[in-house]
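So you can see what is in the structure, the chains are spelled out below.
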Amino acid sequence: MKSINIITASLACIGSLSAQTTIEKANQPQKVTRITSSADQAKIDNAIAKVYPSLVRIHVVAETPKDGRMQKIGGTGSGTIIHPDGYVLTNHHVAGEGTRIWVRLSNKVKVDATLVGTDPQTDLCILKLNLDQIPADMKPLPVAKFGDFKSLHIGDSVLAMGSPAGVSQSVTLGVVANLEMIIPGGQGTTQAGERVGDLVRWIGHDAVIYFGNSGGPLVNLKGEIIGINEIGLGSLGGAIPSDIAKYVTDELIKHGTVRRSWTGLYPQPLLLSGAQKQGVLIATVLEDSPAAKAGLEAGDIITHFDSVEVNATAPEHIPLFNKVELGTPVGKTVDVKYVRDGKQLTTKLTTIERSKAKGADLAIREWGITARDLTDRSAIRRKKKSTNGVLISSISKTGPVAASKPSLQPGDLIVKVNGTAIKTLKNLTDITAERVAGDKSDVKTIVEFERKGQLLASVVELNMQPNSSQSAAAQKAWLGLQTQVLTRDLATILDLKGKKGVRITQVIPNTTAAKAGLLAGDIILKLDGTVIPAERERDANIFESMIREYPADESVELAIMRGTEALTIKCPLETAPTPTKEFRKVSNDVLEITLRELSKAKVDEAKHDQGVLVQRVESAGWASLAGLRAGDVIVSINNKPVTTLDMIEKELELVEKNKQDYVVLFIKRGNFSTFIEIHPIWKK
Amino acid sequence: MKLKSLFKFLTVATLSFGSISVASADSDAEALRKVYNEKKASVYGVKGILKLNITFNGQAQNQEAPLWSNATCIGDGILVASYASLSPQLGAGRPGLEVTKELEGLKLINAAGEEFDAKLILHDEDLGLAFLALDPKGENAAGWKATAIDISKDVELKHLDTTVNISRHNTNFRYQTGVTKGSVATILEKPRKSYQIIGASMSAPCFTTAGDFIGITVASSSPVAKGQQPQAVTIPAKYIRNLVEQAKAKQAELAK
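Residue numbers (the working numbering), protein chains in the order written: chain A, 1 to 684; chain B, 1 to 256.
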């Protein structure tokens, strides 16, 4: 079975690393590379020495749109310092969408980094290290150099360097297996809507790589970068050749982007049954694209593009054609020679700039959506004449948009809000801010949107608040203990055959039950002289139910067996604590957590003498990313002890107001305590 | 069971408590009509939307179900109803099933079809009672005029005693009040005094032939009868009285 893996590592997979690597090793074919002499070993040592110091392990927080919010994901990858000014080359899929990036140098020092530019089309990106944080012993920065991809041969020894699974910088050895590796079937990895295989033919090699090696260099024995590891295809690793990597690096450093031409034609290899044996077959010409305007059609066979003879008889040839087409200077008018119905024809085609495949996503909490602008290409794909409108990329199932009728869906294009045309995401966020100014809630707003050619309208309640028609439970009598049913089997073995009742499993501290001397293990047989008719598992609620019959200020007499001793204990009842679902809760939208006070009715919470309980941690939020879990008890925040919900609410307001870089929580989790550093990115 | 069919089952099984069939025989229709005419204005229709988020073995689905019930005015803007008719038990104890409920757009409706916003303020799951209050910030709140029934008396019923049971119909019957002559079939002493009254309607009040309030009919699940369908029982006035103070306290919070 064929499998293609992008070899980045997410933090989530590190937990299962040990088992996976063992299996991976067991499945690896025997390596053919042999070090036969000390001279060979010396070459390897020399190559490692040249590149290893420049290796960095990259840590990234990226945000991806899902369920109406931007989910935060932590991950690691590899990179190489390729310029003394602190430029680092890695994969787009490692750091190209990172909202926070930092690296560990080879000497383990942590250095912050920023994104210089990214190129999803080749899955490459450039970072820049914060030079102020570079330690003296790393100055000048060690820099690795590019080698000549064209000098590489199948069978050459190569070294894969990087940080598999987020471990520190590591090296594996293998041989080049393939110099024009594609992913069979025309499939490939897609980055930000771009198919990497459209331009890249990978260097296939068998140096072991793993998740986290992504972005790390493939190095020849001269100690030069001849590829950037990106994918795994079965037992082979796939590296982006250094000629592409060097070009993209230079462009990104100079311009922050890689400009390419776009024509709107999509090629495929010539058909085996076709009469024409040379050229490139056009599979698709998008409407309104430069290629369509030039009169090209699906089925035409291009023989020359801008005077360059082009040919694609096999899938491996397609990236070569794309290189010519996409590499044409933007806006250049080129001659295209092509064959249609056996006749050789020529047309002039003026390329336009290849826009991004899709815009950047943004969460709009008031709507419960993530959305993005259209780009020229995404507009054409939707058969739109302009980029006007905002595309919904995901919705919250419990948000305002989901509650509207008809509800908006991912893929819908918002074109008007309350009669105002929405051309861009900024239009939408501006009008939203106006409508909810002053933190207004449930603001009814008419939205018009396009779906499959229809122009639909709906009413969305912006900033919709949860319905408050949730009633409180009536206050009832309660005993601060937990019980289990005295089953027939249990009764028999405890020499209480034929008796019914409950066994105390836990006495909640500081309750009247605890003060009356009730103990775990006591068996309650009667309540005020009445048998407790519990003898099966399903009778679990009977005792509690009987207690609830009493006024809360009464006392009850419990007939108890403690071991072999029969006791009668009089115990005052008390009012049942408020159910936790009725507790006041504090939600923080930035950290994405919900907090409440500790319940005295729950033993695991009652044992804490201070703190507030973390009731909910939204997955893939900042708090979740830092490791906070539901059930944790926050004892202090930024070194200030927390005793009430009001206290932490005020502290969180302060954190938000000051846009603090770190929020340090001291928490208790079961019998352990730990510090958690939450490191949010504050949006403007 | 597939998720979809489970949802259907839950809805059908739990949202439609029917009334018990009506007894026949007529002894003193005029006296009964007098009770009906005196009390009917205190019985309101209740409508709303029950929004459900149902997660079954990891698959989630949202559902909305319209609700219709009755509530009886027992004080200044406070009404009592059957809790199960407003917040039905859904799939309790079924492994892998999690249901969260939210009640939206709760409205009280009188015979003229006038609607008043209301809130559910208190419930007692043991008794099966729910307390509603007129939303003082709601639309039409100023036009609210209701006569509360007197719940201060305790009445003792015997088997086969006649009762007057009043309910309000939904939109199909233009919100008109209906009345049946009931009969006490069962008297439950434990865990608390309650009655099974033939002819009583869910969430609606029952009165003696003298016009004294007996109680509200609710869906009751005995803790010892797990897994069985809830039964319709009439909860006497004294249990309702015990909760009125708590309901008033919650009602006061609505005005804040």
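Among the clues, some could well be false.
As the list claims (entries may be wrong) - Dumping the calculated DSS-like pairs for lysine-lysine here, alpha-carbon to alpha-carbon at most 30 Å: (1) A/Lys-440 - B/Lys-256; (2) A/Lys-358 - A/Lys-277; (3) A/Lys-600 - B/Lys-107.
Unchecked claim - A partial selection of chain B residues facing chain A, derived with a Cβ cut-off under 10 Å: (4) Leu-86; (5) Ala-130; (6) Gln-246.
Keep in mind the hints are simulated off the structure, nothing from the lab.
Even for Gly, the Cβ is constructed at its ideal location relative to N, Cα and C.
Outcome of the hint check:
1. A/Lys-440 - B/Lys-256: The given pair, whose Cα atoms are some 18 Å apart, holds under the 30 Å limit.
2. A/Lys-358 - A/Lys-277: Judged against 30 Å, a Cα distance of about 36 Å means the pair is violated.
3. A/Lys-600 - B/Lys-107: Violated - the C-alpha atoms of B/Lys-107 and A/Lys-600 are around 36 Å apart, more than 30 Å.
4. Leu-86: holds (9 Å)
5. Ala-130: holds (7 Å)
6. Gln-246: holds (6 Å)
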